[in-house]
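What follows is each chain in one-letter form.
2 protein chains.
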Amino acid sequence: MPSWENNVRKVTPYTPGEQPKIRNIIKLNTNENPYPPSPLVKQAIEGIGDDLLRRYPDPASSMLVDAIAGRYGVEPEQVFVGVGSDDVLAMSFLTFFASGREILFPEITYSFYDVWADLFRIPYETKKLDAEFRIVNRDYYGENGGIVFPNPNAPTGVLKRLDEIEEIIARNRDVVVIIDEAYIDFSDGHDGGIPPQSALHLVDRYDNLLVVQTFSKSRSLAGMRIGYAIGSAKLIRYLNDAKYSFNSYTMNQTSIAAGVAAIEDQAYYAECLQKVRDTRKRTQSALAALGFCFHPSQANFLFVTHPDVKAKDLFSALRQAGIIVRYFDKPGIDNYLRITIGTDEEMDALLAFLGDYLKKH
Amino acid sequence: MPSWENNVRKVTPYTPGEQPKIRNIIKLNTNENPYPPSPLVKQAIEGIGDDLLRRYPDPASSMLVDAIAGRYGVEPEQVFVGVGSDDVLAMSFLTFFASGREILFPEITYSFYDVWADLFRIPYETKKLDAEFRIVNRDYYGENGGIVFPNPNAPTGVLKRLDEIEEIIARNRDVVVIIDEAYIDFSDGHDGGIPPQSALHLVDRYDNLLVVQTFSKSRSLAGMRIGYAIGSAKLIRYLNDAKYSFNSYTMNQTSIAAGVAAIEDQAYYAECLQKVRDTRKRTQSALAALGFCFHPSQANFLFVTHPDVKAKDLFSALRQAGIIVRYFDKPGIDNYLRITIGTDEEMDALLAFLGDYLKKH
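So the sequence lines, in the order shown, correspond to chains U and V. Residue numbering for the first sequence follows my numbering, beginning at 52 and increasing consecutively. Residue numbering for the second sequence follows my numbering, beginning at 52 and increasing consecutively.
FYI, nobody ran anything at the bench for these hints, they're computed from the structure.
It does not matter which identical chain is used: a pair holds within one copy or between any two.
Taking lysine-lysine pairs in the DSSO-like style, the calculated list, with each CA pair at most 27 Å apart, reads:
hint: 1; residue 1: 61; residue 2: 285
hint: 2; residue 1: 72; residue 2: 285
hint: 3; residue 1: 72; residue 2: 93
Remember, it's a predicted structure, so these values are computed and weren't measured experimentally.
Construct all of the structure, not just a fragment, from the sequences and the given hints.
Written out as structure tokens, the structure reads:
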């Protein structure tokens with residue numbers, strides 16, 4: 052091999068869920084929202100004129116930052132925006148996990164964490180979940196270079212209580228703790244304010260806490276790539292320094308406009324969230340009746356296993372029937388399927404297929 | 052300071068040119084195209100439906116990659132796309148300059164190069180330009196960890212001949228050489244094919260060559276953030292591995308659609324490019340008549356100095372008159388102004404002001 056290849060950073064990349072190009076499938080594999088975004092979003096995108104297209108966007112994305120700050124009752128200096136929460140998390144790993152000490156995250160969790168750690172040569176240690184797929188607090192009390200986990204966790208959907216999260220943050224004041232809340236808006240008791248178990252309630256008390264959220268799931272905007280982090284002004288300043296050292300203008304004109312419009316239509320999204328929660332409840336009951344086992348999910352997906360059929364076989368059978376779910380071929384979870392909550396019609400089709408399949412196997 | 056700050060990666064970020072929020076100014080500071088994008092672009096953005104907004108984009112941006120590959124007569128496997136050429140260059144620094152040896156770039160050049168090097172802890176050495184602001188070939192023949200420079204160079208606008216560039220690549224087969232061609236489409240003799248001095252003519256001969264271009268300048272789409280790199284399939288594979296380890300979906304649905312539409316309307320852009328070149332020629336003559344000195348620019352900006360007035364004073368005076376240009380307070384170029392080529396009307400206003408100012412000073 053030519054010697055320039057010796058100088059290349061070699062990595063094993065993250066594998067995203069498939070985005071199939073065929074139509075007429077039921078797509079329950081990447082946790083997209085089954086409902087369209089607010090009509091205000093499309094209007095906002097259509098309103099982008101030639102002058103905005105031809106000019107660089109505001110590098111600070113101030114309109115979007117201000118909208119998010121207003122929505123969550125924090126200062127604009129406490130808000131960072133990026134190209135989806137993956138971009139926000141990648142920049143956060145690069146910025147905050149630079150101590151050379153091992154960072155900690157759960158063994159079963161968002162499978163991008165170890166990829167970022169490898170990309171930036173950050174050492175890490177993973178911690179097991181308990182038998183109910185819960186994150187065990189005391190595992191996160193030892194010396195470390197930083198902590199990150201999702202709440203609700205992925206792909207389990209299991210939610211951690213805010214008092215437990217606070218204990219982890221309080222015992223780790225010398226490192227940055229990142230709570231990845233991609234799915235928190237789907238948790239029960241969220242009435243349009245800040246979800247009861249969201250660590251956003253803690254950002255003004257802990258300057259080492261960074262909360263990451265996204266427009267991809269609860270705001271039906273996966274296609275626009277908008278994520279954000281909220282934390283102390285000091286954390287956000289460091290994060291912005293790194294961002295401005297990477298790419299001055301990460302958010303294009305359409306994503307800034309789409310994000311602002313989405314924030315404006317809170318009522319529409321509250322309604323969609325309630326529909327997803329209702330469908331989740333109904334689907335859980337139906338799956339339980341079919342003999343599936345799962346821990347209670349507070350996200351827009353279910354993580355299920357069945358004592359009589361292999362998850363991998365079921366995954367293939369579903370696929371052949373035009374229903375795509377997510378399967379992780381990974382020790383500890385290789386007999387589980389992650390199923391996104393779709394519309395009621397989509398879940399009915401799924402349940403009908405599963406009923407049939409179980410009768411035959 | 053709390054101890055978590057000890058673990059933070061501290062950097063001095065790049066300072067982008069100002070994006071002023073006031074109207075009625077003549078903005079000649081960030082090298083945007085004065086002409087609007089092709090009408091096909093706005094149509095394409097308006098055609099993005101709710102289903103595309105709510106779903107993740109194609110992580111490979113295949114439609115855009117295919118369009119670029121078709122346009123330049125290369126294979127799709129030879130094309131990488133990113134959020135502006137800054138994103139492409141940042142990922143390239145991270146991926147290709149990992150040897151620990153010093154990378155080389157000119158002392159006077161795009162001021163983001165040393166920022167990326169610092170962010171990723173890449174050692175570097177800068178090489179002086181000659182008295183005519185030319186990159187000196189022999190400076191790039193010693194041992195190094197990689198090479199990067201723009202052609203035409205920024206902020207000088209000076210173009211290097213393709214045979215000289217080939218010599219640098221040929222003598223550095225053991226490292227990756229990046230030619231940053233953000234402005235190449237504005238060079239003379241570009242008739243819609245591949246510009247005569249573009250290193251794109253060499254990509255099939257040198258597997259260590261990466262050519263980076265952008266939609267921001269010649270395609271009037273700075274607001275949409277679309278950049279790309281073309282090189283050997285092997286280079287692009289490494290770059291994609293790093294990209295998929297950072298953020299699976301960097302290009303949102305609107306930027307994919309806008310990029311494809313822009314590629315389709317080659318004739319429109321060829322016309323705009325000719326207008327910019329004509330205005331450049333006319334402006335150069337007028338500035339020369341006013342006593343300004345500059346080296347011939349092949350970009351959409353001029354880098355000028357005047358023997359009788361200080362660039363810094365002129366910059367402030369222009370600003371007060373509502374004309375914004377770019378000034379770099381940096382040794383060697385601190386008596387120069389970089390002036391973007393705007394419309395004929397904008398350049399007339401600039402020239403009128405300069406004529407007046409020089410009479411008074």
